[in-house]
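With these hints in hand, go ahead and build the complete structure from the sequences.
Take a look at the letters that make up each chain.
2 protein chains.
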Amino acid sequence: MKKAILFIIDGLGDLPTPKTPLQAAKTPNLEKLAKKGITGMLSPISRYLVPGSDTSHLQLLGYDPKFFYNGRGPLEALGLGIELHEGDVAFRANFATVKDGIVVDRRAGRVDTKIASSLSKLLSMEIEGVKVIFKNSVEHRGALVLRGKGLSCNIGETDPHSKDPISKCYPIDDSAEAAKTARIVNKFTEFAQQRLSMASENKSRKKPANAVLLRGAGEYQEATSFIERFGMHAICVAGGALYKGAASFMNMDIALVPGATGDKNTDFIAKANAVASALASDYDFVFLHVKACDSAGHDGDFESKVEALEKIDMMIPILEKTGACIIVTGDHSTPVSMKKHTGHEVPILVYRGERTDNVKKFDEKSCALGGLGHIEGKDIIPLILNITERAEKYGS
Amino acid sequence: MKKAILFIIDGLGDLPTPKTPLQAAKTPNLEKLAKKGITGMLSPISRYLVPGSDTSHLQLLGYDPKFFYNGRGPLEALGLGIELHEGDVAFRANFATVKDGIVVDRRAGRVDTKIASSLSKLLSMEIEGVKVIFKNSVEHRGALVLRGKGLSCNIGETDPHSKDPISKCYPIDDSAEAAKTARIVNKFTEFAQQRLSMASENKSRKKPANAVLLRGAGEYQEATSFIERFGMHAICVAGGALYKGAASFMNMDIALVPGATGDKNTDFIAKANAVASALASDYDFVFLHVKACDSAGHDGDFESKVEALEKIDMMIPILEKTGACIIVTGDHSTPVSMKKHTGHEVPILVYRGERTDNVKKFDEKSCALGGLGHIEGKDIIPLILNITERAEKYGS
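In order, the protein sequences belong to chains A and B.
Residue numbers for the first sequence follow my numbering, so the first one is 1 and each next one is one higher.
Residue numbers for the second sequence follow my numbering, so the first one is 1001 and each next one is one higher.
Read the hints as simulated data drawn from the structure, not as lab findings.
There may be inaccurate statements among the hints.
[Stated by the list, open to error] With a Cα cut of at most 30 Å, we get these calculated DSS-like pairs of lysine-lysine:
#1 B/1035 <-> A/360
#2 B/1321 <-> B/1378
#3 B/1360 <-> A/19
#4 B/1035 <-> A/35
#5 B/1019 <-> B/1365
#6 A/207 <-> A/121
#7 A/36 <-> B/1365
#8 A/378 <-> B/1393
#9 B/1393 <-> A/66
#10 B/1187 <-> B/1203
#11 B/1026 <-> B/1360
#12 B/1131 <-> B/1187
#13 A/365 <-> B/1026
#14 A/340 <-> A/26
#15 B/1066 <-> B/1149
#16 A/264 <-> A/35
#17 B/1365 <-> A/35
#18 B/1036 <-> A/361
#19 A/361 <-> A/311
#20 A/19 <-> B/1002
#21 B/1393 <-> A/311
#22 B/1163 <-> B/1206
#23 B/1393 <-> A/340
#24 A/180 <-> B/1393
#25 B/1264 <-> B/1032
#26 A/131 <-> A/180
#27 A/66 <-> B/1378
#28 A/365 <-> B/1036
#29 B/1002 <-> A/365
#30 A/378 <-> A/32
#31 B/1365 <-> B/1264
#32 B/1321 <-> A/19
#33 A/361 <-> B/1360
#34 B/1168 <-> B/1207
#35 A/321 <-> A/26
#36 B/1360 <-> B/1340
#37 A/36 <-> A/19
#38 A/360 <-> B/1360
#39 B/1099 <-> B/1163
#40 B/1360 <-> A/365
Pasting the structure below:
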């Protein structure tokens, strides 16, 4: 049976101004794949719906977010290597700076990762019999997990997203579980401020990391593994925690790639080489993720998006040499003119899927005339199972 | 945030004989929008399903008829300005001529509207404690509402649609509610004939309006408003009662446009100007409807359909000047060769939705190669929310 690479270029799609970054970039290798393969347009979730990165990746990898998603927290926590138990409630967490009761910096001056690691040790505690687990990642970022009986993710966030006091966490349903969880979050928020304010690491900082903001509450529920559902031994090559977390959620392996940072300075070639190594061993499927285009889109930085695409293009020959089927697409559009996710379709190309079309370029306008037509996120795994000859017949 | 016009040209789609009316018509302004925008084909409800005008409009405006439709009556009644209460059962009504127990003219010789208004006053009554409300509209047309406890729309119609006696109304389920409602309808039919036969207005008429035929029974259920569901302050510019009724059902405002008749003699330019005024004030969204193409299709009148399209084309510059995003499409095909609704897709164009394609004309054959591909009615509101930057992200 054939092997496959699903290459998700985060925030790939764009709008013409008058060219799109994909139209402006020099991508001879992607062009070659488009010429030799078949192309189309993809609505990652459904037509014109604006996908989040979390929901879109679940959908593209065959895990319908309607059933498998209730918040981003568990995916982030898994991505940081926290092992989750059924019923855990997890959050995305930020170190922040509070002054005179106001959140003056949501990122605590992008606190150094080492200092954040040291401060993190102050944040493990137990509240009302519920275990609180905190883990930091890069700079101000981290994840928090509540583990105990009777918790709920139907609660609000504490991140005010503006120069305001930390938001109080409120339950958003009438259950005892939501009330209890909100209470614990508020207590944690208070304890965290007390402990962090007194920490020696913060003494000389202009922007002390003296508070923790929580958002994206989600309840972890175990899911059937990717290999059990789709019969492919899978590995994830990604930098960002969310993407590794989504892969962990599906019980994929996670490649350790030095230099894969999840930003524009990532080592693109190291990631491509990691894909090649994985396929040379016994993996059947690689979920390959690159974040840089999305970041450039959010920053409204056309040149940076073009540059990222040109670097991505250099990965293609390495991927091609593996002999695997290659699917290249995005999880959503992040147009540089909009600086946010939009519901516009993203181009998709399928290389070594046997069929071909007349499209010779890989961009939003060309692929709209492609032989695949318009497909949706739910179609991706069936497509891969079909072209790798793994699909089971329905009926006889 | 941007504003949008959804321009629904009723019965737009057609079949080649050897040209379609859209291909034969001179529509330079629609062509310009097609050139500068992006096009595709639309299945108003689902692929190849033959839409009614009622179900199609509900679907295109984001109200899935599977949940929001159980008969045309309530939409017609709302369109005539009757205020409905939860549980009301409403019907489309026709004045008809009965002679020797046979319906000899289903339209009572297209009775003059003034005479019909006068006769209508005889038709308000109370039967078994149920209030009967009748309101006429243009010529023989009107709506009837039953208001009271324990009514059901699971009943047959009284319109024989042929030169036969008035059909007896039968319940179509075993409920007491259906039995009661059918009984009331039959009593009303009898009382109406008695009262109308004796009316002085009918004395000298060759085709007296001496009976009322009822069809399209539906039970009114209140729906969440359009603004609450989609966040757009919306207004409807239409002539026909059904379309205004659908808009009322969604709690949209209804523009008063003198000269908007809902037929081929409508004042096209007055309607376009009404759209421009609405968008110059605080409306975000205009549902614009023109009926003339559908009527020409039902009449099998190719020339008349071409003429209507050319008049519609003259509206476009006025719409364009508003600066709003413009979506032009139809609610179904009414091919002149078939004289009825069919399930063939209708062309759609999206102007100011950012993306473009290579299509240069607005017709059935050209748009089938458009960059939108084939979309469905349920995709229209998400499309509009996306291009006007109103869509909320699903996930994070």
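Going down the list of hints, with the structure as the test:
no., hint, result
1, B/1035 <-> A/360, "holds, 22 Å"
2, B/1321 <-> B/1378, "holds, 28 Å"
3, B/1360 <-> A/19, "holds, 19 Å"
4, B/1035 <-> A/35, "holds, 26 Å"
5, B/1019 <-> B/1365, "holds, 10 Å"
6, A/207 <-> A/121, "holds, 19 Å"
7, A/36 <-> B/1365, "holds, 28 Å"
8, A/378 <-> B/1393, "holds, 18 Å"
9, B/1393 <-> A/66, "holds, 14 Å"
10, B/1187 <-> B/1203, "holds, 24 Å"
11, B/1026 <-> B/1360, "holds, 14 Å"
12, B/1131 <-> B/1187, "holds, 13 Å"
13, A/365 <-> B/1026, "holds, 28 Å"
14, A/340 <-> A/26, "holds, 24 Å"
15, B/1066 <-> B/1149, "holds, 25 Å"
16, A/264 <-> A/35, "holds, 28 Å"
17, B/1365 <-> A/35, "holds, 26 Å"
18, B/1036 <-> A/361, "holds, 21 Å"
19, A/361 <-> A/311, "holds, 17 Å"
20, A/19 <-> B/1002, "holds, 22 Å"
21, B/1393 <-> A/311, "holds, 29 Å"
22, B/1163 <-> B/1206, "holds, 17 Å"
23, B/1393 <-> A/340, "holds, 10 Å"
24, A/180 <-> B/1393, "holds, 28 Å"
25, B/1264 <-> B/1032, "holds, 24 Å"
26, A/131 <-> A/180, "holds, 13 Å"
27, A/66 <-> B/1378, "holds, 18 Å"
28, A/365 <-> B/1036, "holds, 13 Å"
29, B/1002 <-> A/365, "holds, 23 Å"
30, A/378 <-> A/32, "holds, 26 Å"
31, B/1365 <-> B/1264, "holds, 25 Å"
32, B/1321 <-> A/19, "holds, 25 Å"
33, A/361 <-> B/1360, "holds, 21 Å"
34, B/1168 <-> B/1207, "holds, 22 Å"
35, A/321 <-> A/26, "holds, 21 Å"
36, B/1360 <-> B/1340, "holds, 29 Å"
37, A/36 <-> A/19, "holds, 24 Å"
38, A/360 <-> B/1360, "holds, 21 Å"
39, B/1099 <-> B/1163, "holds, 10 Å"
40, B/1360 <-> A/365, "holds, 15 Å"
Consistency with the previously given hints is maintained throughout, with no hint failing.
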